[in-house]
Amino acid sequence: MAEQLEPSSNGSKLLRSLGVESTMRIDPWWGLVVLVIVLIVVLCLVSTDPFWNILRFVSDGIVITVIITVSSFVLVLVLGLFGGLGRLSRNRLIYALATVYVEIVRGIPLLVQLIWWYFAFPAVISEVGGWLGITALADYKANPIAMAILGMTVCYGAYMSEIYRAGIQSIPRGQMEAARSLGMTRFQAMRHIILPQAIRVVLPPVGNEFIALLKDSSLVSVVAVTDLTRRGREYMSTHFNPIETWTMVALIYLVMTLLSARGVAWIEKRSKFER
Amino acid sequence: MNSVEPIIQIRDVHKHFGKVYALRGVSLDVQKGEVVVIIGPSGSGKSTLLRCINRLEEYDAGHIVVDGISLDNAKNINIVRQEIGMVFQSFNLFAHLTVLKNLVLTQRVVRKRSEEESERIALELLDKVGIQDKVAAFPIQLSGGQQQRVAIARALAMNPKIMLFDEPTSALDPEMIKEVLDVMLDLAKEGMTMIVVSHEMGFARAAADRMILIDEGQIVEEAGPEKFFTSDNERTKKFLSKVLHM
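Protein chains in written order, with our numbering: chain D, 14 to 288; chain W, 266 to 511.
Among the hints, erroneous ones may be present.
[Said to hold, decoys possible] No farther apart than 30 Å at their CA atoms in a straight line, the calculated lysine-lysine pairs in the DSBU-like style are these:
#1 Lys-282(D) with Lys-366(W)
#2 Lys-285(D) with Lys-399(W)
#3 Lys-399(W) with Lys-282(D)
#4 Lys-492(W) with Lys-454(W)
#5 Lys-443(W) with Lys-297(W)
#6 Lys-285(D) with Lys-366(W)
The hints are simulated quantities; they were obtained by calculation from the structure and are not laboratory data.
Model the full assembly from the supplied sequences, consistent with the hints where possible.
Below, the structure is given as structure tokens:
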């Protein structure tokens, strides 16, 4: 590296040739994605039992994992926006509510939150239902997937609130002042001037949150959701081959996270282009 | 001129920033079509006064009436702001929008004009401030002088009755100051009511109907330019000697 940076004619020639090469090469990180996919395919081809069998067995779990991740994330984007605006609100009550929400959620482990939503929350509802004499509530049974999405959303919504808040605060004050001086209301200025700029700022951390959420979604396997991780555990408990099962599950997660990372990078690049 | 109701009436306005007493009872009337240039040392309260006129700062006491509408509470503020254009030291163009969109968006959102009408007005005004070939550029691709001229055009697109300029040339390189001042001079000639916080004495001589020196939150002297530049007031003389030898 050091010799490439030397200003000698040789060095600069080398740098130039490297530069040319790098413009021709497509994003090298795609190589990693391809590598992992090839690895999975080779494993499945070389030893159908157990690798292909594992992949087939857990495939419905993959679908569940994707559904939980994507639907939680969409809800997180909305909840985070309200949380972030709440944290910036001049209304003291709204500010206090948003702050208490963020502080409480950040202080409790996600696994405990998920368990609470699945076991404690329905119990609370049926107690209240019994107390009020409403049978529909008293007989309430939690849907594991719905509770998992709720739990993930509430937790990640708090982190997303802070990301949005930081993004909005990073926009210079003059932008809001200019918008207001032209006669826009606070809401119009937020909607047309501040948020479109803030979204570009927060894209990288928001992308990171998506990947983190995807990985943390494996925790829902504890609360009766048959996601990828739980299906892996089910396969292992009947076939007793931990090495193959968990290697396969790990590789599948890896493909999903690497693909997401590429997606995030692509969106970031596009939003920069528009600037 | 005095028989007409002033378009801006400021009565005994006070403003505190925490412990700092920024405005200490300022009163000022501005007539329609008048160009008032405000000078004063930094921290004297001149920008604060300007920002009180469209309520970007809220004043603690006193009264301001703009075009017959009271600013003492925030109820009418968006209506008043549509009548007052403001130009900032740091331009504050919307960074995510092209030059054209900077002018179109506010017309669409605030004035509820159609896209075609907004664009027509925008192009007319950009032409007037001498930005013809950069309408598709983003603010960051423009020089400071160009950005400030776009900012002036953006304010004019709202058809304001009053224009406020808060040190419009202070952030500019010397060779760009003239292009901005020329635009402001044209505006003044067209009869726009203008309040300008600036130390550009050349502009003041050419365009000002009245000069005001503010120091420590109070109006020290108020006079027409000829009288002002030959003032006997010690404070005015001292300050003028500083800005004139800049």
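Each hint tested on the structure:
For the hint linking Lys-282(D) to Lys-366(W), the alpha-carbon distance of about 22 Å falls within 30 Å, and the restraint holds. For the hint linking Lys-285(D) to Lys-399(W), the alpha-carbon distance of about 20 Å falls within 30 Å, and the restraint holds. A C-alpha spacing of about 24 Å is found between Lys-399(W) and Lys-282(D), which places the hinted pair at or below 30 Å, so the restraint holds. Proposed proximity of Lys-492(W) and Lys-454(W) is supported: the alpha carbons are some 21 Å apart, at most 30 Å.
This hinted pair checks out: Lys-443(W) and Lys-297(W) have alpha carbons roughly 26 Å apart, not beyond 30 Å. Distance check on the hinted pair: Lys-285(D) and Lys-366(W) sit about 18 Å apart at the alpha-carbon level, within 30 Å; holds.
Comparing the model with each earlier hint shows no violations; every hint is respected.
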